[in-house]
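Asker: Below are the chains, spelled out letter by letter.
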Amino acid sequence: GENVEQHPSTLSVQEGDSAVIKCTYSDSASNYFPWYKQELGKGPQLIIDIRSNVGEKKDQRIAVTLNKTAKHFSLHITETQPEDSAVYFCAADSGAGSYQLTFGKGTKLSVIP
Amino acid sequence: GAGVSQSPRYKVAKRGQDVALRCDPISGHVSLFWYQQALGQGPEFLTYFQNEAQLDKSGLPSDRFFAERPEGSVSTLKIQRTQQEDSAVYLCASRRPGIDTQYFGPGTRLTVL
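In order, the protein sequences belong to chains A and B. Going by the numbering used here, the first residue of the first sequence is number 296, and it counts up by one from there. Going by the numbering used here, the first residue of the second sequence is number 170, and it counts up by one from there.
Since the hints were made in silico from the structure, they are not lab data. Keep in mind that the hints are not guaranteed to be accurate.
What the hints assert, rightly or not - On the chain A side, residues computed to face chain B include the following (Cβ under 10 Å):
(1) V299
(2) Y327
(3) G336
(4) K337
(5) G338
(6) L341
(7) L396
(8) F398
(9) G399
Keep in mind that this is a model prediction, so the values were computed, not measured. From the three backbone atoms N, C-alpha and C, an ideal C-beta is built for every residue, glycine too.
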């Protein structure tokens, strides 16, 4: 089955700096790659996603890049703010009509004011 | 409209007790997923419904875990004879036809003593 690796596990940045989180996946049939933000005591909230026919997608301060050949994708947050502090998860579907998501272990992002 | 709701938000059970966790998906979302999230980990897939049909239960860890969605809307995850290793947050997600995005509820935190 699908295996998703995520790095780093913790990340501290100064307010205003950029943050980058990287993930790799194993199943070449995967087509859909969402990123979720989870705050303490809450469920994961989708922040951006990308499909395999697109190499890059941007939404204001957040961007995601995908390299299908290398089977890795990254989340980029620019101009970080204290409210960006949370745990971020990458995920991948299993393709072939399977809708279950396989998640990475998460990255705890701390933005220092 | 309202998001995915789950109840109870917190459940404490003594080892050996049975528990039932409820999920109310977003109206019109035919796909429903259950995930288990251990402390400090990413969510792990348990089972998937399309309407009332349980199409994938490959992630259920044992036959003590049972899920149903009899009318294609509300779903219940039941755990029989709970064990300490069942302690986790149980997340429900729903998805509407033709769209990849899974919307998560706030989760139920189960603690087995």
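Asker: Please flag the earlier hints that this structure goes against, numbers listed from lowest up.
Answerer: Result: no hint breaks.
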